[in-house]
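Enquirer: What follows is each chain in one-letter form.
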Amino acid sequence: MMRREAKGMKEEMKLEFDAISENEGLARVVIAAFLTRLDPTLEQLQDVKTAVSEAVTNAVIHGYEEKGGKIRMSAVLEKGELKLTIEDEGVGIEDISKAMQPLFTTKPEGERSGMGFSFMEAFMDRVEVESSPGNGTTVHMCKSFQENILSQSKLLSGQV
Amino acid sequence: MEEQWRMQTEENPNFAVIDNYLCIRMPKEVDHHGAAAIRENADRLLLNEQVRNIVFDFENTSFMDSSGIGIIIGRYRKISSLGGRVYAIHADERIQRILKASGMSSIIEVLL
Ligand SMILES: Nc1ncnc2c1ncn2[C@@H]1O[C@H](COP(=O)(O)OP(=O)(O)OP(=O)(O)O)[C@@H](O)[C@H]1O
Ligand SMILES: [Mg+2]
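Same order as they appear, the protein sequences are chains A and B. Per my numbering, residue 1 is the first one in the first sequence, and the count goes up by one each step. Per my numbering, residue 1001 is the first one in the second sequence, and the count goes up by one each step.
Since the hints were made in silico from the structure, they are not lab data. Where a beta carbon is used, it is the ideal one built from N, C-alpha and C, also for glycine. Among the clues, some could well be false.
To be verified - Beyond 12 Å from chain A on every Cβ pair, some chain B residues (computed):
{"#": "1", "residue": "N1041"}
{"#": "2", "residue": "N1048"}
{"#": "3", "residue": "S1066"}
{"#": "4", "residue": "I1072"}
{"#": "5", "residue": "I1098"}
Said to hold, decoys possible - Just a few of them, taken from the derived set where beta-carbon distance is under 8 Å, the chain A residues facing chain B:
{"#": "6", "residue": "S21"}
{"#": "7", "residue": "E111"}
{"#": "8", "residue": "G116"}
Looking at chain B on its own, in the form it has when it is part of the complex (with noise of 0.2 Å):
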């Protein structure tokens, strides 16, 4: 387990790299201000570890906008090309409300 999260460093202890999934802990508040953070570890770790998978947890998040959107289709454009999946987790119904009428539901997988 220790290994496994290795990547979860001090430096951004959102994002961890499990086996070949990268799950990324979504903030309180998804919107464009906090959205290039993301973005760039998101892209960093997918470029320097071996990841197919990417699991978005939406447990301590209570507002997303269509800048979260952004966020998951792009990584859904570099990781499906690969034969990978994007999942959604602990979203509640607010969010998903977002992901559905967002056409996201469709092609990612949204765990409840």
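One chain only, chain A, in its complex shape (with noise of 0.2 Å):
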């Protein structure tokens, strides 16, 4: 039995979500059971738990300032590579080039560190800001998973 995936198909998911803080790990355990058909290693996982866990607690604290709204997630993937995608429409940002700065944060006094998007940047191969104020906020997200889809097609073809 081939994986679609691994035959180069595409996988995809979609989930929409209450702008809350109880669904921060939610958005985690989801986006880890998705990734388990690549068989990734620990730190793979906790590397996209990481970066969806900034992506989403910045809707809720940002886009929707504690108040609630929605957001939505999903993951694509496709040739070995996962796109994710976390979008509110919430108040959106000002400037996205000075709001990706390590350190850069408009909520001190709210204990924010600024190193969100550091994180995201870190852990995933690209990451895309689409944002403007009154407008909402969308983060695009990519990472490699290929070495993973090679070893699981040799596996199934006998090569190892």
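Two chains, two frames, a set of hints: combine them into the complex.
Expert: Next comes the structure, spelled out in structure tokens:
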């Protein structure tokens, strides 16, 4: 039995949930479960869970200012690459490149450290942010799982 | 010992004042959701007890994001101005990486 993704087909999932802090853990559990099919290393799992946690927490705290709203998370696996999107319809970001600088935060009084985007960038291969004031924020992140796919298809075709 | 652990009450078994050290046993996952409770408990003890130093114990922790860094920096600010120190103990490789990447390991003592 050959897995669909090992054959290069696209696998996808979408989730919409309330922007409340309880769901930060939910988002991490869901993405971890989605990745199981790639037989990820503990480190890969932790990397993606951390990035998801950062983006979702940002939507809860900054996007919706802890007043609630909806967050959409989607994940696509195609050709050994994970494409993650986390989207809110909150206040949006005025200056994206400034927001992404390490230690930059608009909520120092709330004990934010300004490390969220830095962690996303450290643990994923690519991070792109689409946002403008009043129009919400969408964070796109990619990470390659090429090696996992390769070793899976070798296993399946009896090459190892 | 009984006396020393007197602050390890039923209400907050993860906090203990031992000598002038506030020991905080961090949960399995440290994120924004649980951060407020940790902060409030810690700050109440900082206010009411003779605490000079803080120890964050990561023995049970397998996940921490930037919210954990916020907790540590916030407590560090309160205690370092009075000459106290902040320690992290039992941090696994992942937590060590997070502490390092955020620059925490240069202001607190990460004991292995
Ligand atoms: N979804 C969002 N909606 C609106 N503003 C955002 C969003 N995400 C991030 N920001 C802005 O970008 C800044 C930097 O985000 P980043 O996650 O790097 O740091 P932080 O959230 O402030 O602190 P930390 O993540 O360390 O707790 C935030 O302070 C906020 O102003
Ligand atoms: Mg953040």
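Enquirer: Give me the numbers of the hints this structure contradicts, sorted from smallest to largest.
Expert: 3, 4, 5
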